[in-house]
Every structure is written in C-alpha cells, then in structure tokens.
Amino acid sequence: MHVPDGFINTPVSAATGVIAAGAIAVSLRGARKELDERTAPLAGLVAAFIFSVQMLNFPVAAGTSGHLLGGALAAILVGPYTGVLCVSVVLLMQGILFADGGLTALGVNITDMAIVTTVVAYAVFRGLVKVLPRRRSSITFASFAAALISVPAAALAFTAMYALGGTTDVPVGKVLTAMVGVHVLIGIGEAAITALTVGAVIAVRPDLVYGARGLTAPLKLRVGGELVDAPAAFPVAARTKTSTRKVWGAGLIAALVLAGFVSFYASASPDGLEKVAHDQGIDAKTKKHHTEDSPFAGYSLKDVSNSRLAGGIAGAVGVGATIAVGSGVFWVIRRRRTPSSVQASVREAV
Amino acid sequence: MGAGHAHRLYRHGHSPVHRLPPHCKLAAVFAFVIIVVSTPRESMWAFGLYAVLLAAVATAARIPAAFLLKRLLIEVPFVAFAVLMPFVVPGEQVHVLGLSLSEPGLWGAWNVLAKGTLGVGASVILASTTELRELLLGLQRLKLPPLLVQIASFMIRYGDVITDEMRRMSIARRSRGFEAKGIRHWGVLGKTAGALFIRSYERGERVHLAMVSRGYAGSMPVIDEVTASREQWTYAAALPVAALFICLLGWTL
Chain A
1 MHVPDGFINT
11 PVSAATGVIA
21 AGAIAVSLRG
31 ARKELDERTA
41 PLAGLVAAFI
51 FSVQMLNFPV
61 AAGTSGHLLG
71 GALAAILVGP
81 YTGVLCVSVV
91 LLMQGILFAD
101 GGLTALGVNI
111 TDMAIVTTVV
121 AYAVFRGLVK
131 VLPRRRSSIT
141 FASFAAALIS
151 VPAAALAFTA
161 MYALGGTTDV
171 PVGKVLTAMV
181 GVHVLIGIGE
191 AAITALTVGA
201 VIAVRPDLVY
211 GARGLTAPLK
221 LRVGGELVDA
231 PAAFPVAART
241 KTSTRKVWGA
251 GLIAALVLAG
261 FVSFYASASP
271 DGLEKVAHDQ
281 GIDAKTKKHH
291 TEDSPFAGYS
301 LKDVSNSRLA
311 GGIAGAVGVG
321 ATIAVGSGVF
331 WVIRRRRTPS
341 SVQASVREAV
Chain B
1 MGAGHAHRLY
11 RHGHSPVHRL
21 PPHCKLAAVF
31 AFVIIVVSTP
41 RESMWAFGLY
51 AVLLAAVATA
61 ARIPAAFLLK
71 RLLIEVPFVA
81 FAVLMPFVVP
91 GEQVHVLGLS
101 LSEPGLWGAW
111 NVLAKGTLGV
121 GASVILASTT
131 ELRELLLGLQ
141 RLKLPPLLVQ
151 IASFMIRYGD
161 VITDEMRRMS
171 IARRSRGFEA
181 KGIRHWGVLG
191 KTAGALFIRS
201 YERGERVHLA
211 MVSRGYAGSM
221 PVIDEVTASR
231 EQWTYAAALP
241 VAALFICLLG
251 WTL
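In order, the protein sequence lines correspond to chains A and B. Numbers 1 to 350, taken from full-length UniProt numbering, label the letters of the first sequence in order. Numbers 1 to 253, taken from full-length UniProt numbering, label the letters of the second sequence in order.
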C-alpha cells in the first residue's frame, strides 16, 4: 500500500503531511510518557522489529503469501503513541532509503498506514478489553479483532484520500471495492498472525504487552498475618502539565496557511485532468457527481465568483473541519483517560 | 556498529555528489520531487528532461546504469497497477493494437508511472551516494525532532541485527524439518514473531542500560557538526533549479 509520488495531488499530500507532522509531534510527547527516557533505544528497537517482521512472509495458499503490516501489533505491544512513532519511522526510512513509497507521498503513507491503523486498532482493542472478561484469552481475541478492523480501515482511509486528491480517474467506487475487498482478506491474515504473536508474548512476558497492563494481579504483602497491597515499586510520577496547545496551534496555523494560501495559487487553473476533460469534451459525458450540489463541490465555493479565493476558502474550511474532528476525538479520549488514570494512581497510592 | 559500517544500498565513492553535505542533498531531492509532482502531465517532454537531469546526476555520482535500473524494480507493484488502469477507467476509448483502452486511463497510468519512477530514481541516487549515518545527521540538520532522529538511527543500526536474528530463527525452524506451507503453520510463525519481539525489546533494555552507564542523559552528543558552504548549496541547488525551470516551461507552454 506504499503510495508512490504523483498518485495523490499536491494539496492533499500537503494536508496529510501536516496531519502526519501533528500526529508525530503528539506521539513524541505521548511516547515519553509510555517509555520515559528509554524512548529512543526502545522505540528504535521496536521499529527495527516492525521493519523485520514485515519481511516475515506467511504462506496463504498454493504459493501465495502475505506479510504483516504491523500497525495493530505495535499499538498493542508497545502502546499507541510509540506504535505510531515506530511505524512512522519505518515508513520514513523505507521512503528515503529503499525508495519504497514516494517522498512527497510520505504524509499520505504515514497518515494511512501509521496513524489510521494504529489508532483504529488501539481504539477497537481498548473497547473490547473493557467489555470482555479480564482474562488473557480476551486480550488475544481483542488483538484479533483490532487487527482485523485496522487493515480495511486503512484501505478506507486511502480511498478517502484518493477521492479527495487522486490524480487518476479510476472511479472511487471501483477503488473502494477493490481496496476494501483485498484488504479484508489481508486483514484476516494480519489478525490471525497478530493474535498469535500477542498470545505468544503474553505467555512468556505478559508485562511487556502494553495492552495487557491492567491484567496482572496486584502484588500483596503479608503484614501481621494480613494481606495488604504492596506499594507501587516505581512511584507514579505526577502528570506533568505539558500543554499540547502550542503544538496544536502551530499545526492549525500551518494547515490553514497551506490550505488557504497555497491552494489560492494552486487552484487558479483547472488541474490536468479537468483540463484534458474540458479540452477533449469528455466532461460533457461524465455523470454528475452526487455531491456536486454540495457548497464545496470541486473544492471551491459556489457563490464566490473569484475562483482563487473560493478554492482557498474551501481548502481552509476542509482543513478546519478535519482538525476539529481530529481534536474532538483526542479531546474525548483524553477526557476518558484522565479520570481512570487518576483512579489508578489513587489505587496504587493506597 | 562502529564507523565504516556501510549498508548495502550505499555505493562507496568519491564523486562530487558523494562529497556534498547530506542536508543539501536531502533538500535538493525533496525539492526536485515536489517540482516533478506538480508538473502538468500533458507536457510529456518535461518528464523526459527530468529523466535526463537525473541521468546527469547519476553520471556525476558515477553510479552505473545497471545498478540504478536494478534498484528501480521496487516500483513493480505500482507498475502493475498502472498497467491495469487503461482497462478499468471509463471514458473515451482509443484503439491501440486491437485493444480498446480508455484515454483518461492512459493519462492516469502515464502520470503515475512517470512521476513515480522519477521519484524513485531521485531517492535511489540519494541513498546510494549518502552514508546512513550522514543521512541521519542531515535529517537532524533539517530540524527533524532529535528524538525522531534517534529512534530512526536505532532502527537503522539494529535493523540488520534483528533481521539476522529472524533469519537465524528461520534456519533453526528449517533445520528441524519445518516448512511453512499454509494456514496450519501460522501458529509457528506467530510464535516466531512473538519471540522476536521479546528479544528485540529485551535488547532495547540492555542497550538503554549500556547507554546510561556511559553517561546518556536523554540526548546524543553531536561530535561532527555538518556544515555546508554557500558553494555547496549552490551546487546542490543545480538539480531543483533546473527542474523548476522545466516545470515553469511546462506550465506556460
């Protein structure tokens, strides 16, 4: 699924680049919380693991074989932030060293394969672990489901980016069917291998599985013939109040500038395809797109006569909406996490 | 792991391209690829000129054509996709050699093939003329977050170690008569991946302890600061500037 250069147009590549940069900035902070000062060596080694495990071919049937993508596995084994970071680093290095995936498509590739897979997988995993009974087998099952859903989710995200900024005109419906169809199959293999791998790690070193951290029974001390909870070995560091607001703000401004200002110039003339279509008179035949009546159809506002201004505004609104949705999701997750982590630290302090 | 540990993608040499500071090369390649991608696909001659530019750089770097072409094979999956495109895209049909192909599909295939190949070519030249360690220094110089660069450097340094570990496990499996034939054997492969993860993670912990015992406090010491003179920047800028010129011509003609 490594997207090469020139497959997704420049504005969408730039916008996904901004999303990827923002997510990596958030993950860098998050990973420090997950791994503290061990971040660099451990995340590096896990990235090396993901890199090599992608070379592990598993036979499917009669000569065909697939390989692991690893997003879900990383999220479950080392946590979502470190997972995003590891897969992003793998993609970055693959792009620069092996020319696997275009350099301008780095944002697309990272958003698709590192962020979407990891975040979706971890969300599904956490949700299932909450619901299922607290047993090791439910962790295995939850990792199966997480990996199963994460791969088609990435295919879906890719199709969405393609629909927004694909430079070729394979109809979006066809791309959707092909991508999701193939990736449901890949997802089944990914899910089986992920679940087996997580199961194997849990059997040997359950403490290493990030997703199973709540499962270990708390240590008890026998004090005067009575069982007491042992004090936490490592006192939980007080949550440092580092605000992500600065990162968020910078990302927002950059995205708005890119979308609004750059597309102001970029969208002045119709893109190549539209131009060819117009010149050849093909567009007379094309069917009306069903969102053609949307106020942002063709990425410009309907009632704004200046085409440059309209394109700029539409771009800015699009990025604004994306950021609003994205930060909304993060806000909800944070909201949910804070009370539980407070509870956890209270429990440990007792 | 020490100095002189070159990766197999790198091609040792002393050409002017090899001698350029890594961040200049990285910036030039990025700029070149961005320019290529934003060229309109109708001006086919522009892509030919880009290819000539890349060939000139490869000659200056004394990279043999065979080496370059072999490395371009990484593209094959997308070539297959591009070949399919004229058949699946609806639109005006053109008859070539008795096949009915769609015109927008042909344009799309051309677009992906031309831009993708040029992008891959540029990255291949970059990777084969720049040592890994230099590349990481260059990324740091280009203001990539230091933590990210550190993670990447660990990944690169230990990537071969972990891959070799996996190969040894595979040899061990095979020497015990195992042959992965189908779904029935996924269990063994899953356990292999699990064991590999535990080994990598534990190695990470050991590496961290070794680093701490040698005085690591969260950031790597920088011993060789790479700097670039104005002359070197100008030399590196030759490629993107020439490309920009072609691109502008492509837009206006």
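Just so you know, the hints here were simulated from the structure itself, not pulled from any lab data. This structure is a prediction, so every number in the text was calculated from the model and none was measured. One thing to keep in mind: the hints can contain errors.
Here are some of the chain B residues that sit facing chain A, going by a computed Cβ distance under 10 Å [to be verified]:
#, residue
1, H14
2, S15
3, P16
4, V29
5, I34
6, V96
7, G108
8, L147
9, I156
10, R157
11, W186
12, A195
Calculated cross-link-like contacts (lysine-lysine; reagent style DSS-like; alpha-carbon spacing at most 30 Å) [said to hold, decoys possible]:
#, chain 1, residue 1, chain 2, residue 2
13, B, K181, B, K191
14, A, K220, A, K33
15, A, K33, A, K130
16, A, K33, B, K181
17, B, K70, A, K33
18, B, K191, A, K130
Note that the Cβ used here is the ideal one computed from N, Cα and C, for glycine as well.
Exercise. Looking back at the hints listed earlier, which ones does the structure fail to meet?
Worked result: 1, 2, 3, 6, 16 and 17
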